[in-house]
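Chain by chain, the residues run as shown.
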Amino acid sequence: MKQQICENEKVFIVDGLKQGIRRDGRGNLDFREFKIELGTIPHAFGSSSLIFGEEDINIICAIKADLQKPLPSEPNKGQIRFHLESSQTGSSLFTREEQSELNKNRLTSILNALYGNIINREELKVFEGQFCWFLNVDILVMEELSLQQIDFIGLAIRSAFLDFQLPSVNATLNNNTGKIEVGLVEEIYEDQENTDKLETLKSAKNSPYILSIGFIRDEAEDVVVIDADDQENQCFDQLLHISVDNNLRIYGIEQSKGRSLQSGLLSSKFFLQGNLTKILKPKIIEFERISQKLIKY
Amino acid sequence: MLLTSKRVNTVKFRKLQNGKIVKQVEEQYIRSDIPCGIKNCPFCDINDSKINRILLRISRLQSGTIAEIGSRSYLISLRTAKHCQMQSSQTLFQNMLIESKLNQDNFYIRNIQAFHGLKNLTEQESRQIYYFYNENFAETFVQESLIQGKGLDQKIKTKVSQVYQWYCDHLSGITEGHQIFLLTENFKSKQEYIKMMKGQNQEGVISMEDFILMNQEENPELLNFMGFADEHQQLEDLEMEDIDGVEALYEDHLSFEDMIQGIKEGKYFQGRLNVSRVTLDDATVSIDYLNQDLLIVGLQNQNRALNGDIVCLEILPESLWLKDYKSGQPMNILEQEAVNYMENKNADLANDNDEDLRRAEEETKARQNIIDKINNEKVKRVTAKVMGVLKKMNKTYGGSIIKPQDQAPQTRKKFEQFIKNNRIDRKDIEKYRVFVPYNNQLPQALIKSVKPEALENKRLIVRYNKWSMYAPFPQGQFVKLIGEEGKIATESAMILHEFNVDTRPFSNKVLQCLPKDGANWKIPQEEINKRLDIRHLVVCSVDPIGCKDIDDALHCRVLPNGNYEVGVHIADVTHFVRPGSEIDKEAARRCTTVYMVERRTDMLPGLLTENLCSIRGGVERLVFSVIWEIDSKTILPVKTSFTKSVIKSAAALDYYTAQDMIDNPSDKSELTEGLRRLLKIATILRDRRTEKGALTLASPEIKFKMDVDRENPTDVSEYQHVSTHYMIEEFMLLANIAVAEKIVWHYPSFAILRRHPQPKQKEVQEFIEQMAKQGFEMTIDSSKSFAESLDRAIRQNDQFFNKIVRIMATRCMHQAVYFCLADFDIQEVFHYGLAVPVYTHFTSPIRRYADVLVHRLLAAAIDIQSLTNDMTDKFKMARQCDQMNRKNRMAALASGASVQFNTYLYFKNLREKSNEDVIEDAIVMKITRAGIYVMIKKYGIEGLLAEEEESKFVIDSEKEEAIINGQVSIQAFSNIKVRIVAQSIEFRRQIKLFFKEKVSGDPDKPGQKRKNMEESKFDAEDEVDLKDALSKKSKKKRRN
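Here the protein sequences come in this chain order: A and B.
Counted from 1, the first sequence has number 218 at position 218 by UniProt numbering; the numbering is strictly sequential.
Counted from 1, the second sequence has number 359 at position 359 by UniProt numbering; the numbering is strictly sequential.
Just chain A, with the same shape it has in the complex (with noise of 0.2 Å):
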């Protein structure tokens, strides 16, 4: 969280709201600018990098692959663990590390509880109660970390998933020790003619996307702001994080500000308006758009 603002800032950034100004310049429900690459790290199953906002702020995210006993009571469900990392996490040179490792904390939890189901974990089953491929997914972020990030955060992890590739395995019993043992049939080179040895997950199409939105209650109309910076998160009476997939089904929704979900923005007006799907709708649209870019290249 970068440096606490006061009263009068508040007043000032509110006011901007209000009438749909913001500091930057963009509207109240703007994105910031940000561009997105897939396969940067080369060694990874999959991966992208993501740069945003003026100040260029990078995310490089990368998913590995290991195969894991799964666990007893989801034999059939493979695993994934979000692991975040900023300079501040990585080494005691910086400043503020305490407060960067609370904000830590509190990303992986929003990552944890928004994109625990981030693709049909079925699918990452190679044999029922023995193998299962466990995911790492790794997040650098080259910047303080703060909740600022958490949609593009969430964006450059969607985009890792669809780079995601998997080589096909076999799973075979051994008749001398009676234990299943997974083998790659070959080794497989990764190249245009070797698709159909790797398998890329179904659900990553359709997997949610977090978009976080900041609300203040106004007795004349109440203001939504998507895509806030640290100042403007310091604003809101109320902040949600939500993920949601292209048909607008919600996966989660997370609080990071507000009293109680019922008081804010859910019983606002506004929601009951129906006002959120018209908000969220162009959105994910505009990202639908810019993935399915990303997967022609």
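Please keep in mind that the hints were generated in silico from the structure rather than gathered at the bench.
One thing to keep in mind: the hints can contain errors.
[To be verified] With beta-carbon atoms standing in for the labels, derived distance ranges:
1) Asn105/A with Val25/B: 27 to 35 Å
2) Ser168/A with Glu26/B: 27 to 35 Å
3) Glu430/B with His43/A: 26 to 34 Å
4) Lys202/A with Lys195/B: 53 to 61 Å
5) Val25/B with Arg289/A: 26 to 34 Å
6) Asp30/A with Arg7/B: 34 to 42 Å
7) Met142/A with Lys876/B: 37 to 45 Å
8) Asp825/B with Ser91/A: 37 to 45 Å
9) Gly90/A with Val25/B: 18 to 26 Å
Since the model is a prediction, treat every value here as computed from it, not as a measurement.
Virtual Cβ for every residue (Gly too), placed ideally from N, Cα, C.
With chain A held as given, fit chain B onto it using these hints.
Chain B alone, transformed into the frame defined by chain A:
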């Protein structure tokens, strides 16, 4: 200017050995300016000097090679090169030229030894070998993904043919005479390559056989290599077919995966196979956590594993365990340890692999049960059988081939079986020969040669290859010819090869480290200023006759206060051998000078060994001195000092001259007086040491007198010890102990010391039991009590008895070893034999590397030099100690083998000259299942008593008693007379000892005379058989 023109990523998914599936990315930088390696090539823009530099470098990355003879160049893949190297030798590679190849990493990991061999071979400039970096060259680069799924072999072929085609195109513009050939392993792969080529390029593909034929005029020796490649193929094909009517002689080996699996589950065990030196039938495998070694009896159970292989074992059912098994071999720890060391050497190189295997040996329950059962077994010996070979020893062995007419009947039978099983054509039989290795722990092998006659009566080096289930012999592949069999030089060379002694001359790099002035080197004045100048003292050295590497000298004078000043001066080798220099590295590799009867393989170049470091008479030399002030009354050192100094030796004496000088009462020179004083002090020191419990151990020492050409031994005798011997010995011990104490005090964490562990009850058990039968009680608790009990073991009228007891005692004790103090507690480093708490080697830096290290430590301890980082790294030091111990064992064994061969030669010559049987006194050392061990008193030769028609033994190994011809009974330590015959059976030369008679050590045996006469009669008959009329005559004369 070398430019990177392109970058290529190869991404692939792989399964690792530990089961993980990973994605690997290989990034290659492809360039377009790699030179073809042919001098004066007009197309390659690189001048000659640069090529020369590139020419010889082998890179860890991908590479290929190219060489050139006259106008012909040969392209050869690295894999083929490895293959050829194995079956052939230097000769083949000379003038050959090579190029190619694939991922060398693969090759490197799989066969590191072959890799180093090839590297050494190709590094010599005269060979003209060039490695071509085909994988980094744009025109020969083959995208990995295009050839995926084809198998390694096919991949290599694709790449090589790509290179070859490029070369053909590249050279097509150059003069006609310049031809390039693609050399392939055998006919089959030649065909495959041809399929891949187009047009006229096909003509350039040749097989090894074609190559030999093409070059036979220039190099007729090449013919020896012919045929092997074919045979390899042929036998392989044979196995694939279903063979009717051919019985498998051995069980099939398990697959590698099955073995690993079995070991993991605790079904199988793994360990090094150690074949008995006495009989091929017995082998043992020692496993750390088992109380007893596993026994593998019979070739059937050994299942084609060779000595030194790491094998996978299955424990046989309990009913097959052996009761009352006694090893056929008398205890000789020296040999056992040497074998372990030899094996360790390979283990070091393959550590990765071994690690994996070891990890695989998880302790499972089933396994624990077996282990417990074995560990609890007290009576029987546990037997096992070999299920497969996990790792081959992969060493080459020296030996000879037998002429068909000389084959022993047993060998003949096996040979015929081989011919039958492998359906060898009648006309080809001629090409096969049975190879007899020098090392009798190995079975005979079969080799094939186009002209086997050329190899007869020669010593050659052979590599053991495959051993098929259907063959009674393993296949051997000719590697190298050593020379004519029976010549001392040849035999010595072979012995050195057998014991891994590096006999190559010192490289230029090493020689460059020597002083530039060579033999004219003078001590510079500034060096003298730095040192203690004691050139005025009367210093002398006493060494064996003919010793050229004199590393120690002594002086003794009376100080004004009446005390003695005694100085021990050791050649300052470290002045010339700087830490980290090439010469130091080479010495660290060799570790020790190896003494053979007629030659010496030096640790340091001759200039140092025989000149600059050798303390010769009348020459000023740099030394490291230990100087004591000794109280004249108590003979206790009052003061000890260590210093580097410069001396001028008054005389280089030998033991006998020195003794004569001391004994000559009229000689009153200062030198002689000094020697007398030294002798006096030494006597007192020695007595004091013995009192403290130092052991007097013995081993047989023989001395040979050689003829002028150093070709034949003319006389052999036991080494004569005079009192000057122990005088020198005593002061060396004193110096070593003083230095050891000093360096332990200064460097308790990495001092290099020498320790001699107390013998364990288990190891000396056999010896103690044997002595108990003779009525002597042995206690080994401390060296003092052991020394005393050895002193008590005396038999009336039999001086030799005590000596042989000491020899046997020595055999069952561990050898002293070097170690780094870091690995041990100071309490554990006691030197049992010498009965001193710490001991090290300081006095022979010319011939032992340990002394060089100790010199450096001592120099640092007295603050004149600082230690390098390597010296303070305890892991490196521990590794160096291992290396020194290993090399020491090898050197000892090589010397032993050399003595043995010379003894053989001596007796052979003796017999030829005099036509008389040599009859000598001998003593029985031990009677075992395998036979009767005797030692000849005069020469210290030992051996198994051979059985013959007229002397048949019945051996009762239980009671250690043998009955000869049902009449004479002999026990351990009986005195007997033996007839010595030098014999060579199938090139295993040995001294055969035949029982002659029992010496009446015990007069209470009646009828002895009569028996002797009967035996004489048998002898006479024997002579008739031998049709040796001359010898018959002379013998009769003698008898009369």
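So, going through the hints one by one against the coordinates:
At about 33 Å, the CB distance of Asn105/A to Val25/B agrees with the hint of 27 to 35 Å. For the pair Ser168/A and Glu26/B, the supplied restraint of 27 to 35 Å is violated, since their beta-carbon distance comes to about 21 Å. Judged by the Cβ atoms, the range 26 to 34 Å given for Glu430/B and His43/A is violated: they are separated by roughly 59 Å. Between Lys202/A and Lys195/B the C-beta distance comes to about 44 Å, which lies outside the given range of 53 to 61 Å.
One distance hint, 26 to 34 Å for the beta-carbon pair Val25/B and Arg289/A, holds here, with the actual separation near 31 Å. Taking the beta carbon of each, Asp30/A and Arg7/B are about 40 Å apart, inside 34 to 42 Å as hinted. At roughly 42 Å, the beta-carbon separation of Met142/A and Lys876/B lies within the given 37 to 45 Å, and the hint holds. At roughly 42 Å, the beta carbons of Asp825/B and Ser91/A sit within the given window of 37 to 45 Å.
Against the hinted window of 18 to 26 Å, the Cβ-Cβ separation of Gly90/A and Val25/B comes to about 24 Å, which satisfies the hint.
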